[in-house]
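Here the protein sequences line up with chains L and F, keeping their order.
Terminal number for the first sequence in my numbering: 305, no gaps in between.
Terminal number for the second sequence in my numbering: 1430, no gaps in between.
Since the hints were made in silico from the structure, they are not lab data.
Hints should not be assumed to be uniformly reliable.
To give an idea of the interface, some chain L residues facing chain F are shown, with a C-beta separation under 7 Å as derived from the structure [said to hold, decoys possible]:
1) W50
2) V116
3) I118
4) A121
5) A122
6) A277
7) P284
In this text, a Cβ means the ideal position worked out from N, Cα and C, and glycines have one as well.
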Amino acid sequence: MSIFAPVGVPELQPAGTEPPPPRPGPAARAVRHLGRGGAQVVVVAIGLWWLMPILGLAVTSMRSPADNSATGWWTVLSKPAQLTLRNYEGLLADGRLTHALWNTVLISVPSTVLVVAIGAAAAYPLAWLEFRGRYALTLLLVGLIAVPVQVAIIPVARMFRLLGVYGSIPAVVAFHVAFGLPFAIFLLRSFFVAIPPDLIESARMDGGSEFAIFRRVVLPLGAPALASLAVFQFVWVWNDLIVALVFADSDSAPITSAIQEQMRSFPSNIDVIAPGAFVSMAVPLLAFLLFQRFFKQSVLAGSVR
Amino acid sequence: MAQTGRTWTAARSSAAAWFLAPAVLLVAVLVLVPIGQTLWLSLHDAAGRDAVGAANYADIFTAPEIRRALLNNAIWIVVVPNLVTAVGLLAAVLAQRVRRSTAVRVVLFMPMAISLVSAGVTFRLVYDESPDRGVLNAVVVGVHDTFKPPSQYHGARARDGQALTPRDGGLQTTQPVTDREPVLLPLVGLAPRQLPKSATQAGTSGIVQGTGLRGVVWSDFLAVGGRPGAVDTGELGLPGVDVEVLRSGTVVARTRTAADGTFHLPQLTGQDYVVRLAAGNFTEPFAGLTWLGPSLVTPALIGTYIWIWAGFAMALVTAGLAAIPKETLEAARIDGAGEWQVLRAVTVPLMRPVLMVVLLTLTVNVLKVFDLVLVLAPESAQGPASVVALEMWRSSFDNIGRSSALGILLLVLALPGVLYNVHRLRRSER
Chain L
1 MSIFAPVGVP ELQPAGTEPP PPRPGPAARA VRHLGRGGAQ VVVVAIGLWW LMPILGLAVT
61 SMRSPADNSA TGWWTVLSKP AQLTLRNYEG LLADGRLTHA LWNTVLISVP STVLVVAIGA
121 AAAYPLAWLE FRGRYALTLL LVGLIAVPVQ VAIIPVARMF RLLGVYGSIP AVVAFHVAFG
181 LPFAIFLLRS FFVAIPPDLI ESARMDGGSE FAIFRRVVLP LGAPALASLA VFQFVWVWND
241 LIVALVFADS DSAPITSAIQ EQMRSFPSNI DVIAPGAFVS MAVPLLAFLL FQRFFKQSVL
301 AGSVR
Chain F
1001 MAQTGRTWTA ARSSAAAWFL APAVLLVAVL VLVPIGQTLW LSLHDAAGRD AVGAANYADI
1061 FTAPEIRRAL LNNAIWIVVV PNLVTAVGLL AAVLAQRVRR STAVRVVLFM PMAISLVSAG
1121 VTFRLVYDES PDRGVLNAVV VGVHDTFKPP SQYHGARARD GQALTPRDGG LQTTQPVTDR
1181 EPVLLPLVGL APRQLPKSAT QAGTSGIVQG TGLRGVVWSD FLAVGGRPGA VDTGELGLPG
1241 VDVEVLRSGT VVARTRTAAD GTFHLPQLTG QDYVVRLAAG NFTEPFAGLT WLGPSLVTPA
1301 LIGTYIWIWA GFAMALVTAG LAAIPKETLE AARIDGAGEW QVLRAVTVPL MRPVLMVVLL
1361 TLTVNVLKVF DLVLVLAPES AQGPASVVAL EMWRSSFDNI GRSSALGILL LVLALPGVLY
1421 NVHRLRRSER
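In isolation and in its complexed conformation, chain L is listed as follows:
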């Protein structure tokens, strides 16, 4: 793995032979003095720089095409009267992008529900039931987390054609669910494993069926993990482009592929693209801001995906 940056390791020296610590130079002392204020300035600058592209898109989506082709969005600071909702009205009136947006909802909501439900069901036995091949199956599923979708799209597209479902929303959902499951199972299983064994055992002693235990004990206790997974999966599918490009026909295409199609004539379609992209970004951003902790947790857990 030579791609990794060499990380400096402190050299060890025999005791007593270390050189005396160098007195910090005047520059270093000045830096330390200014450090706090300087750091504050740099951090604020980084934050603003990070916000600026989104602000730019938001403002652009609320300016007329004529204004957008003549001047930059920042002129709004001196001329706030430029702002208009005309582009959004056009978006609603046009119907193509609203249809695509609706398709995105129809794809991402079922995908999320199914991944959470099927994933939770599969994670429970992997965590709490003894059966042969349990460990091997867990390893296999975990190994599939990082497998790129590209390695399956051609055969699956052929299969969907044979079945006559190619291009439909259920086909897109099915593919998303299948590729979402390995990570879902991994995330939920590692959470379920941490449930205190006493709770499961005492439920079994009381004669509860495995399904009852799953529903009455595991699911309620696993709620935070289910929420994490749901937010993550929802955002993931909402934002997908490649699966949509391959499996969705023009009638079931989501907003991402509708925008991608418009990009061919970017400058002339900016009045459609900018509000479309902003709406498409607003939903996952809202999900992120509302469920920050959950989203962050699953992103960090499922990073190598």
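Model the placement of chain F on the given structure of chain L, informed by the hints.
The following block gives chain F in isolation, referenced to the frame of chain L:
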């Protein structure tokens, strides 16, 4: 007792089967079997019918457009993980020492929730080539012009068949000139708004009588009337033009025109002078960089990718930093280490495992970059910006064999991620 135990286990096993069935079925049919089929297709021809052995694999390493994509992917893999980790580390360390750092963490993490399509649209606007529209070029041009102000008279030309000839970007007198009469240097092609406010009526009176080399540079254009090559009433002189005087090829004097466009060098007498208006007067203004052109498109895409992922690296690093004992850092500071030294010699080595996770994550994710190239790069730059995942998708329309081979290549490249996940699981089970 043993009997009941066994039935109990059997019941448990069948319960496990019911719980697992939907997931296993979906994964088997839509993930596992297709992987095998892709491998099989990668050994077959463009239509997926006749076996061709390893020809597709040989093909993907020789076809120029795919080699381009492989090279770009290599650049992505070398540059992006390191840069993102560095930015994330820096931001995390800085944010630790300031107030209200939570806000910055949220802001930096936000792009992780945005689709690459939306990010692509967002950065199309940022990278817009015109400094009047694209915020990045507006900043670049602003900074550039602060250090190197734009020339005033770009676009100016000599009047056809008149005194001046273009040379090395500047203009110089066609014939040798003398001190006997004023040198008339008429220029055309200047928009009225290019003329500075300080410009006054082109002057002749002051220089007609003088001694030494003298002349006038002016805008030889009137909307109505006006004689070509002669100073007319209403024609403005061009102030601030850099004038060089040469004699036998070497510069003997430099000066700058006054508000009425005149210049006067009393010390130069005699003949055989060449007057040159330096190239610096006419250079085109800096218009920013073509971010999404063939040469800069990959760096521009990488910049966007860093914007998306820096918050992720920052979040992981922040969690890692919290685990470093404060005493260790304090001890280093008491020993006289500067902040930079503390970061390099203490923080980074202690954070090694976390940084490795960040690097690995980025390495695997960078492979799949596809949406961003497709959306952010204009069609003309998609060839130069291409990556493996994009070529895979493109060739899926006309060459299933090649496309499958590229799919398998992506899988192989993602193997470090697969192994890492498996390793992480095995370690946690121990």
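We went through each hint and held it up to the structure:
{"no.": "1", "hint": "W50", "in the structure": "holds, 5 Å"}
{"no.": "2", "hint": "V116", "in the structure": "violated, 12 Å"}
{"no.": "3", "hint": "I118", "in the structure": "holds, 5 Å"}
{"no.": "4", "hint": "A121", "in the structure": "holds, 5 Å"}
{"no.": "5", "hint": "A122", "in the structure": "holds, 4 Å"}
{"no.": "6", "hint": "A277", "in the structure": "holds, 4 Å"}
{"no.": "7", "hint": "P284", "in the structure": "holds, 5 Å"}
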